[in-house]
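Here my numbering runs 7 ahead of the position in the sequence shown, where the first position is 1.
By construction, these hints were calculated from the structure, which means they are not laboratory data. Treat the hints with caution; some may be incorrect.
Claimed, not checked - Distance condition first, Cα-Cα at most 20 Å in a straight line; then the derived EDC-like pairs of lysine to aspartate or glutamate:
1) 275 - 252
2) 298 - 80
3) 298 - 224
4) 298 - 114
5) 298 - 259
6) 298 - 274
7) 275 - 224
It should be emphasised that the depicted structure is a prediction, and the values quoted were computed from it without experimental measurement.
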Amino acid sequence: MDVLNEPAGLAVCRMTMAGYDSKPSPATAAPASEAADAAPAANTPDICYYDEAELLGTIRRDELGGETHIAADLGAARNTDERMRLVRGMLRLVGFSELGYLTVKLDAQGSPERLYFPRSYLSASLAPRYFEAGYHRHDPRFAAVLAGNTPHVWDLRRLVETWRRAGSPPGMRAMFDEMRDGGTRSGLIFGLPIPHTRLRSIISFAAPSEHAGWITDSVVVQSLTLGLSIHQRFSAYVRAINRRESAAELSELQMRILGFLAAGLSDKEIALRMHTTAHNVDYHLRRLRQKCGVTNRTQLAFLAGQLPTS
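Given only the sequences and the hints, what does the whole structure look like? Please build it.
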């Protein structure tokens, strides 16, 4: 892969390899040993689906973002269906036919532990099937977006060539067939971290065009703007899910502190109720902020107010 210098300081990674037959010949058809391509892979990450409408009540409005015109337009939509119509229209203008969004929760070793899919942005090229079949283990695009924030332009021909150069690891031929048959033959993909968490979101654009030459600098910039605007909203939803999951792992002591915090008590008042020191309460609150992925007392109090026991 070569990193090219792009206008306005934009760096885009493009695979620059050729040599792909658009359809495998009978002589190169997959052997019987590759029948396992379609079988589910072991150690598939947990998969979680979520609905935008169900999560709106669990987040503050300022968490949804509004820094771009697109984000503001999406926020002004009356419902999810209207928001999706706006996104589809923007996709057509840019030149893509499909947009996928998912968030990966990484374990301590940096491997995918859990996947969060919004039901409104499920895509053929980045669907649960992609992970259940184990494609992510050998796909260079997935490794790249987990490792950095640089956008990656790709097409199917270059992916196949990269696969061949890597020794044609089994389990990928079926992915190429699915991409070809599904009309996802070129695209753009990038990843973004969600600060103060082990979460990383992946935004994927795909099109039926055989070659990626049509994805110009202008297309990249427009796609990044759209993707970042969607990320502003959906990262807030995933943060809310992550906070609730973290809260489910809290100790009885931590739950009591959150209950007092939700009731509006100060550190000193909480300390009196719990027969401890304000310093000890402050220590536990700092640990709670870290565990729940929030940065200040207000955010932690908001989370505490969402807990059933508070």
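We went through each hint and held it up to the structure:
1. 275 - 252: 28 Å, violated
2. 298 - 80: 33 Å, violated
3. 298 - 224: 40 Å, violated
4. 298 - 114: Since the Cα atoms of residue 298 and residue 114 sit roughly 14 Å apart, the hinted pair holds (cutoff 20 Å).
5. 298 - 259: Distance of about 15 Å is within 20 Å: holds.
6. 298 - 274: Satisfied, since the Cα-Cα distance of roughly 19 Å is no more than 20 Å.
7. 275 - 224: Cα-Cα ~56 Å, so violated.
The structure shown violates the earlier hints numbered 1, 2, 3, 7.
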